Structures are given as C-alpha cells and as structure tokens.
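Position chain B against the provided structure of chain A, taking the given hints into account.
Protein sequences, first through last, are from chains A and B.
Note that my numbering gives residue 31 to position 31 of the first sequence, counting from 1, and the numbers run on in steps of one.
If you count the second sequence from 1, you need to add 1000 to reach my numbering.
It should be emphasised that the hints constitute simulated quantities derived from the structure, not laboratory data.
Incorrect hints may have been included.
To be verified - With a Cα cut of at most 27 Å, we get these calculated DSSO-like pairs of lysine-lysine: (1) A:161 - A:191; (2) B:1005 - B:1019; (3) A:191 - B:1019; (4) A:161 - A:181; (5) A:181 - A:191; (6) A:161 - A:184; (7) B:1019 - A:181; (8) B:1005 - A:181; (9) B:1005 - A:161; (10) B:1019 - A:161; (11) A:184 - B:1005; (12) B:1005 - A:191.
Unchecked claim - Across the chosen pairs, the derived CB separations fall in these ranges: (13) A:59 - B:1003: 16 to 26 Å; (14) B:1041 - A:186: 17 to 27 Å; (15) A:203 - B:1027: 10 to 20 Å.
This one's a predicted model, so the numbers in the text were calculated from it and none came from an experiment.
For glycine and all other residues, C-beta sits at the position ideal for the given N, C-alpha and C.
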Amino acid sequence: MKFVNWKLTEDKPPIPLAKTKGLPPMRPATHGLQGLSDETLLSRAAEGDTDALSLIFDRYQQPLYRFLRRQTTDAALAEDLVQDTFLRLLEAPKKRTVRHAKAYVYRIALHLAYDVSRRRRLETRHRESLVEPENTKEAAFITLVEERDLLDTAMALLSEKLRTAIALHYFADLSITEIAKTLKIPQGTVKSRLGRGYRQLAELLEGGRP
Amino acid sequence: MNLRKRNDLTNLGLNPEEKRRLESILDAASTERLPEESSRRIRTRLMMATWPDDIILPSLWTGLRLAGLAIRIQPASVLAGSGLGLFASVLSLIIIAALHLRPPAPVDLFSLLSPLMAYAITAWPTSNWGKSALNTMIRSAPVSLATPRLWLMVMMSGLDALGVLAFLALFGRFSTGLALTWLFPFLFSLGIALAIEGLTSKRWAQSLMAVLVATNAAWSLWAWANHRVTGLILLMHSPHLLVPATGALCLFGLGWAIRRPNLPWGSR
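The following block holds chain A by itself, in its conformation from the complex (with noise of 0.2 Å):
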C-alpha cells in the first residue's frame, strides 16, 4: 500500500512538534530525496512515488509558470497548463529513463502550449470567417493592447519560436545550452532566436510607451 504523505504548502515549514503536543505532522520525508537528482525524481514520480513527485513539483512550479505565463500571455491559461504538464509528468511510460529532465520537462509544457495555441488559431480564423475581416482585425488588436499589460501585447506579436526562447531564456531560466536540449535545435540557432528575439522585444517595448 502506498503512504501519500503530501506536502500541502511550499512556503509553510512543517508544523513544530511543541504545537501538535507531541503528535509529529504528517509531513512528507522528502527530506532524504533532496540530494537526488531531477532525473531520478523523475523516474521515481512516474513509479508512483509521490514523495518524489512533490519535490519535483517544488523544484518547477514556479520557473513553469513563469515561462508558461510568457509563452501563452495568458495567467490562467498558464496555471493550467502547469496542472497537465505535472499529469503528462504522472502518465510517462514507467520505465523510461529521462536523460535531461528540464528539457523533457519543459517540452511537455511547450508541446502543451503548442497545442492550446493551434486550437485557438483555428478558432480565431472560423470567427473571421463569420465576421467583416476589416472589424475583426481592428477589435482583435483593441482588445489585445487594452486586456493585456505592455509585456504580453509585446510577446504576443513575437513570432512563436522567438517567443519561446525567450520564454525559456529569461522566465524559465534556462541557458544556451539546455534551450538547445530541450527545442532539439544547434546552440548557434538558439543564440540567433535569443538576439533576434531580444532586438525586437526591445523595439515592441520602446514603441508601446506612452
């Protein structure tokens, strides 16, 4: 039988025995995981060791989010794309070994995002089809600039690719190298997305200012 001992809040240390009259919390021991490494948490969450799940849950939610949160523009989108990245994580074939876990990681959520991001596509070209073209396209924009902050109009009209480096880069915290990994693209590609990515970032962000 399995003990599912959760860790139910990141930021609230467990309870002090003094507190509970000597009842010690039923807190999670993942404190003999925290040496281990992503990978083999990894491993371990998708044999069913939720101990090992929610460390590894500690280690991404936040840097998930974050890229996530850039990549969709969209906060609530986000939030639940990191629920079906965390459950992708659970399905994963028991015995697979996981060589690089950031970039399998994040490519669970990119793939995640992808998907999101094509059915609205789809979706915003059937609205066009029903609507005057020359309304949609001035409503769309009003809408884009009024309901997001300056960043996200700004990432928004990146093109996906350069979005998604930057995403990873700066919001994801990943280097060079692990972008690389984790897209399957050369180094050199990922610095080309980075530089052009940046540039126009910063021309986007420089001409939205009031």
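Relative to the frame of chain A, chain B by itself:
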C-alpha cells in the same frame, strides 16, 4: 537578472541601452509567481491522480479478510464473503473511473505484502493450534465478549494494524503520525465490529462504537486543521479512512447476511 543571463544578453549583441530597457521590464515580470491557491489546487489534483494505488489494493485486502472471515465463521457463507470482497474492489474501480484517474500503478512492496499478511492472519484461526488458542481466549474472556466472531474481528483488526506498523518500522518509515493514522481506523473498524455484534442486545457495544467513531472524527479534524485540506479530500485521498469505511460497509453486510437464516448461505 542573474549574471548568466546578463552575460548572455551582452554576448547576443544587444547594446547597453537595449539591455537596460529590457532588464527593467523583464525583471519586474519575472518576479511573478504561481498563486498559492492555484499551487494548492494543482497539488491536490496531482494527489488525486495517485489514488488508485491507495484505493484498489486496500479494498482488495478488505475483501480478502472478509472472505477469510466468512470461511471461518460460516462455511456456507464463503460466497457472501467473496462477493462482498469483489463488491469492495468494484466500488473502488467505479470511484476511479468516475474521477478519470489513471490506471493503477504496479504494486509496491507494501501492497504486495499486506494482503498476504492479512490472509495469513485470517487463515490462522482455521488451524488446529489456532482453534485451540482461540478457544482459550474465549474461555478466559468476560462472558459478554465470549463470541468467536467478535474475537476474530478484534484479532484481525489488531493484528492488521500491528502488522502494518511492523512493516513500517522494518522499512524505516515508522512515525507517530503514521501509527496514529493506522490506530484510529483500527479503532473505527473495531467499533463497527462491536456494533454489529451488539445490534441485537448489547447496548455497551453501541455506546463504544459511538465513542470510537467520535474519536476517529476528532482525528480527522486534527488532520484537517494541521494539513489545511478539505475533509472530503482527506477522507478520500488515503486508505486510512476509506478502507474502514468500505470495510465497515462490507462487515455490516456480512453480519446481516449471517443473521438471516432464510438466505441460502445463512444457516445460523
């Protein structure tokens, strides 16, 4: 911005002005965090995705115990015991299917050993020396407790709990908190067993059951207060409370079946 990213931006050919402008905006955006509420929601969802391990096997375990109990008490009621065990397993599968959870993961060591241990415990009273020990215990017990079925229930519940705690200790996962999570359901099961025994005449058994159930509820509240999860999640996420609930239902059904002389398996 950390040094690596700063160096990267320099190496990527951005001029100082572009860098400064980007840094001020991107740094502000990169402090954004996944809201605490969302983080907790996702954790809960992930926790739910690990349920199958915790639901199916304990239910099978309960079923196995019930089957053994039926064999010992009433040879004709094997079918009823097995049927109730099957019911417990199907119930678990329905819960899992209803919640769109993933299929069960391979059994781990605990999952493998627990049913075997439970079966051994259940089979023990059928051996000659087991019968003899049981009779000795019954004879030495107070008159009000001297029923084989009650002794069996007490022994099975107690030995199950002790056995699990022994395994926990053996594998270095013993803690007072975990011991309590097994102790209270044990008391809960025992309370239900006593209640079944006392359904006809023994008021003390019903009172004891009320006390044990109340103690169990207090434990749940303590766990809820300390772990900040909803009662429902706590109730459903682990075998600690689900097993006694399923087990109690099955035991009640079994007790009812045994006491019905007009049913095919009831010849009491």
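task = Would you list, in rising numerical order, the hints stated earlier that this structure does not obey?
result = The structure breaks only hint 14.
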